[in-house]
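Undergrad: Residue-level listing of the chains:
Number of protein chains: 2
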Amino acid sequence: MTVHSPEPAKAGGDKRERILDAAEHVFAEHGFFAARVSEIAKRAGVADGTIYLYFKSKDDLLISLFESRMERVNAALAEAIAPIARPLDKLRTFIRAYLTLVAEQPSVAEVLTVELRQSSKFMKEYSNPRFAEFLRQLAAVIADGQAAGELDASVPAPLAARAIFGVLDELALSWLLQRGEKFDIVRAADWVGGLLIHGLAGGPGLQRSNA
Amino acid sequence: MTVHSPEPAKAGGDKRERILDAAEHVFAEHGFFAARVSEIAKRAGVADGTIYLYFKSKDDLLISLFESRMERVNAALAEAIAPIARPLDKLRTFIRAYLTLVAEQPSVAEVLTVELRQSSKFMKEYSNPRFAEFLRQLAAVIADGQAAGELDASVPAPLAARAIFGVLDELALSWLLQRGEKFDIVRAADWVGGLLIHGLAGGPGLQRSNA
Numbered sequence: 009m010t011v012h013s014p015e016p017a018k019a020g021g022d023k024r025e026r027i028l029d030a031a032e033h034v035f036a037e038h039g040f041f042a043a044r045v046s047e048i049a050k051r052a053g054v055a056d057g058t059i060y061l062y063f064k065s066k067d068d069l070l071i072s073l074f075e076s077r078m079e080r081v082n083a084a085l086a087e088a089i090a091p092i093a094r095p096l097d098k099l100r101t102f103i104r105a106y107l108t109l110v111a112e113q114p115s116v117a118e119v120l121t122v123e124l125r126q127s128s129k130f131m132k133e134y135s136n137p138r139f140a141e142f143l144r145q146l147a148a149v150i151a152d153g154q155a156a157g158e159l160d161a162s163v164p165a166p167l168a169a170r171a172i173f174g175v176l177d178e179l180a181l182s183w184l185l186q187r188g189e190k191f192d193i194v195r196a197a198d199w200v201g202g203l204l205i206h207g208l209a210g211g212p213g214l215q216r217s218n219a
Numbered sequence: 009m010t011v012h013s014p015e016p017a018k019a020g021g022d023k024r025e026r027i028l029d030a031a032e033h034v035f036a037e038h039g040f041f042a043a044r045v046s047e048i049a050k051r052a053g054v055a056d057g058t059i060y061l062y063f064k065s066k067d068d069l070l071i072s073l074f075e076s077r078m079e080r081v082n083a084a085l086a087e088a089i090a091p092i093a094r095p096l097d098k099l100r101t102f103i104r105a106y107l108t109l110v111a112e113q114p115s116v117a118e119v120l121t122v123e124l125r126q127s128s129k130f131m132k133e134y135s136n137p138r139f140a141e142f143l144r145q146l147a148a149v150i151a152d153g154q155a156a157g158e159l160d161a162s163v164p165a166p167l168a169a170r171a172i173f174g175v176l177d178e179l180a181l182s183w184l185l186q187r188g189e190k191f192d193i194v195r196a197a198d199w200v201g202g203l204l205i206h207g208l209a210g211g212p213g214l215q216r217s218n219a
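Residue numbers (the numbering used here), protein chains in the order written: chain C, 9 to 219; chain L, 9 to 219.
Don't take each hint at face value.
Given that identical chains are not distinguished, each listed pair holds provided it fits within a single copy or across any two copies.
Here are the simulated DSBU-like pairs of lysine-lysine, each with C-alpha atoms no more than 30 angstroms apart in a straight line [what the hints assert, rightly or not]:
#, residue 1, residue 2
1, K66, K132
2, K66, K50
3, K190, K64
4, K64, K132
If you are wondering where the hints come from, they were derived from the structure by calculation, not from laboratory data.
All chains, please: the whole structure from these sequences, using the hints.
TA: Written out as structure tokens, the structure reads:
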């Protein structure tokens, strides 16, 4: 499946970015289905037809937006964990950095966690290389911790990565959809970090086997 | 928001159930958006118009189907944990029972985890009492474990319940969407049970503080 338009020229690249920025806000505000391409065009300051020079369809625009933002998320996470030595601390930092991104960029998070799921094409047909990259990055941290004897090696690292993503995604979703005053998702990050690292049966409220 | 049609009469109740059974299979097979009410009617053996005597719209049918199946899931989980004494074993049993339901009833799981999210009405407007009940049931197990000193009391029980649901939901989703040979989700249940209870830093592959 092709989700990319042909590589745009330099000036065009700027226009492509403007369309993606506009789509991020319009999708987050109105939802993927209700969002109108004409409103995205207006917000980006381009003619309606210009959008179709860069993206084949609204689904293609959503998937390209996902790829663009997920690439930034992956880069931000890689940068956050790079200076840290111990795998266990890397894991804690990864969890905190992801949920901090959600808190700081709610419209990106809205697209990644809520709107994207409404595209049947995305859920069922798209192979999703950027998400695979996210999982690989997280699984590598876990595998390093297992190799160093810091983390339990009996759970396969890719499964553990998927489980941790499930926790992060569910927290992001419940935070985004919460009406009224939202809970503190960055504080929640430290709780779930503790839960995933020490387990419900071994957290700081009970006996603690290691730091 | 009203999602229920008025209580149907006894014979009608049977017809309502037949429509829900048909909807479960048609939604799972074609997806919520592509599913046609006329196909659901045909499969249920009723006239197209009959469906609208019980359900206001396709969205209403999806939400009623969710309520019906989630009620069964909640009852099955309550039954699975009822005979077990220790909160820690209850938690393990809850996790295993949920993922076993996914493995045994993939069309129900498909509707609960994949199709439902495609309804913007469900995601954003519906208050979802059955899911709240699911979370309450899980949080109660955790709170009991905390009160008994078996589980870490520093993580709020509702947040831990939400995090555990995130793990279960993500595993169900990745299992359902996996093409080709699927991984063993019931075996995965024991891994994630261990991960959530003992943590990545305290599983059986490392030192283990308690059973």
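Undergrad: Determine for every hint whether it applies to the structure shown.
TA: Outcome of the hint check:
1. K66 / K132: both (16 angstroms within a copy, 21 angstroms between copies)
2. K66 / K50: within (15 angstroms within a copy, 33 angstroms between copies)
3. K190 / K64: neither (37 angstroms within a copy, 33 angstroms between copies)
4. K64 / K132: both (18 angstroms within a copy, 28 angstroms between copies)
Violated hints amount to a single one, hint 3; each of the other numbered hints is respected by the structure.
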